[in-house]
Amino acid sequence: MHVENLTLAYDADVPVVDGLTLEVPSGQLTAVVGPNGSGKSTLLRGMSRLLAPKSGRVLLDGKDIHSLPARELARRLGVLPQGPVTPEGITAAELVSRGRHPHRGLFGRLTGEDDAAINEALQAVELTELRDRPVDQLSGGQRQRVWIAMVLAQGTQHLLLDEPTTYLDLAHAVDVMNVVHAAATSGRTVVAVLHDLTLAAQYADHLVVMGDGQIAAQGRPVDVLTATLLDEVFGLKATVVEVGGAPVVVPDRRLAG
Amino acid sequence: MRSRTVVLSILFAALAIAVALVSLTVGTAKLPLADVVEVLLGGGRRGTRLVVLELRLPRVATGLLVGIAFAVSGALLQTLSRNPLASPDIVGVNSGASAGAVAVIVLAGTGGGNISGIAAKVGIPLAAVLGGLLATLIVGALSIQRGVVDAGKVVLIGVGIAAAANSLVAWLLVIGDVNDAGRAAAWLAGSLNSRAWSDAIPVLIAVVLLLPVAMMFNRDLSALVLGDDVASSLGVRVARIRMVLLVIATVLAAMATAGAGPIAFVALVAPQVALRLTRMERPPLLTTAMLGALFVVLADLLARNGLQWAQVGPYELPVGVLTAACGAPYLLHLIGRQQKGR
Chain U
1 MHVENLTLAY DADVPVVDGL TLEVPSGQLT AVVGPNGSGK STLLRGMSRL LAPKSGRVLL
61 DGKDIHSLPA RELARRLGVL PQGPVTPEGI TAAELVSRGR HPHRGLFGRL TGEDDAAINE
121 ALQAVELTEL RDRPVDQLSG GQRQRVWIAM VLAQGTQHLL LDEPTTYLDL AHAVDVMNVV
181 HAAATSGRTV VAVLHDLTLA AQYADHLVVM GDGQIAAQGR PVDVLTATLL DEVFGLKATV
241 VEVGGAPVVV PDRRLAG
Chain B
1 MRSRTVVLSI LFAALAIAVA LVSLTVGTAK LPLADVVEVL LGGGRRGTRL VVLELRLPRV
61 ATGLLVGIAF AVSGALLQTL SRNPLASPDI VGVNSGASAG AVAVIVLAGT GGGNISGIAA
121 KVGIPLAAVL GGLLATLIVG ALSIQRGVVD AGKVVLIGVG IAAAANSLVA WLLVIGDVND
181 AGRAAAWLAG SLNSRAWSDA IPVLIAVVLL LPVAMMFNRD LSALVLGDDV ASSLGVRVAR
241 IRMVLLVIAT VLAAMATAGA GPIAFVALVA PQVALRLTRM ERPPLLTTAM LGALFVVLAD
301 LLARNGLQWA QVGPYELPVG VLTAACGAPY LLHLIGRQQK GR
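In the order they appear, the protein sequences are chains U and B.
According to UniProt numbering, the first sequence is numbered sequentially starting from 1.
According to UniProt numbering, the second sequence is numbered sequentially starting from 1.
Simulated from the structure, these hints should not be mistaken for lab results.
Please note that a few of the clues may not be correct.
[Claimed, not checked] Dumping the calculated SDA-like pairs for lysine to any residue here, alpha-carbon to alpha-carbon at most 20 Å:
| hint | chain 1 | residue 1 | chain 2 | residue 2 |
| --- | --- | --- | --- | --- |
| 1 | B | K153 | U | V85 |
| 2 | U | K63 | U | S26 |
| 3 | U | K54 | U | E4 |
| 4 | U | K54 | U | Q214 |
| 5 | U | K63 | B | G235 |
| 6 | U | K63 | U | G19 |
[As the list claims (entries may be wrong)] Here are some of the chain U residues that sit facing chain B, going by a computed Cβ distance under 10 Å:
| hint | residue |
| --- | --- |
| 7 | R45 |
| 8 | R71 |
| 9 | V79 |
| 10 | P87 |
| 11 | W147 |
Think of the CB as a built atom: it goes at the ideal place given N, C-alpha and C, for glycine as much as any other residue.
Sequences and hints are given; from them, build the entire structure.
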């Protein structure tokens, strides 16, 4: 996946993402981090055709995503946007089955291939036993994993996830990140917008730091996430220590007096 | 889950047909059920045939068809806006259609006699559809925010548009000839009294053409309930489908309104009851349709004969009065539930 000179804006003249170019490494987990308002979620919307670019383009397997028919794109690119609507009473397996939409015809039941993809996705997020439970009765972390399973069932080579760990406590966030990481390990190209820097650094193969609609830095987490960068981009005074090869951000306390 | 929906659809269809058959037996002359069935199978005496086929069947058929049309319209609007309150009777579609139809009755009226010919056969349904579409267009345009229809706003703006359309209706009734206005007022209560085949056929055409089209979008609707962003990343062309289904929902409700007046609450209640009984995450179209048909013929049977059976007297109520009396408490319940959800 390749982003070329992409400019995105909600209002006519104020670009949120400004002439951004990015080569997404294939078969790896790329984490996009940045301060609030840096344009990281907007970038993901632009990469997923939820937002039309003002200029520039996004190439998927060498083709502009806006030139592909909607269904064709949905077979190649899975997206989990922020705040999806969980309908009352829908079961986990049913929600996951919706991921098969781009593969199905107008009528007819789920095929064996669909069932296999649904089972595999539920297994990947370790929710096979809860498949017949209503999603609104699951915990926040389990619910988020069901949603990820839905995107996995879509069977796409590329995955875009917008803040999949938001509102989750650390243990649940780790469960979700394990699933996301496993998806990349199995050969998919995954891009996830994350707000937790330490979590991003722990799991990402490639880290993209955004600031003011541009890429401020990118590369291996251990190379990118430095105290200088945190100060410049996030305005955060912090010490970065390395644990098991990955950087951990420890904010400096600012005490009065 | 799926089989439950199919079983319930068949059950409601069977019940609707049973109630319709009973309806055909009652009237000025009570007919044995066997005679009614004989006529429907193509036999029977001439007199019986006339009563059943020309006097009673049009009423019952109109009832079944407007039930289907209102209910499906409600299911579509509620699903599209993800709001159980967004049904055509609440968000102004029926009111817009009423204003159109009343305009034809009053302005093209002959002052006493029935309006005849082209004005009645084509004019009322056409004006109703135009009025309904206009209401939908205004509500849609006003509730769009950043290119997305705001589900909460739809209901508030719809209620406002309904009030505006209703005041237009009131004004038309005031300026109109007394006899025309009287006929319009009776029609506005939602009534199946003295329906003829010319009332049933436009609704029949609308249902036969539009229900299958709506059902072709079943799978897209199932994706759409997950949110616009999720649906569009699953390959659903959200804006286009929303537009097509909105027009279908509007035309169904407007044609039903033209056929029998704005019978209240069928469009609001039928989808929600079907939703609860089937335990689906959105109102299933076919089950809702059959339930709507059942609601209207049953309500009409009770409205027509209830007071007589209860030995109050030989009074007939318009079906709309009965559905309103049953539907209003349900509406309050829904509003209460929504408030709690916030």
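List, from low to high, the hint numbers that the structure doesn't satisfy. No numbers; nothing is violated.
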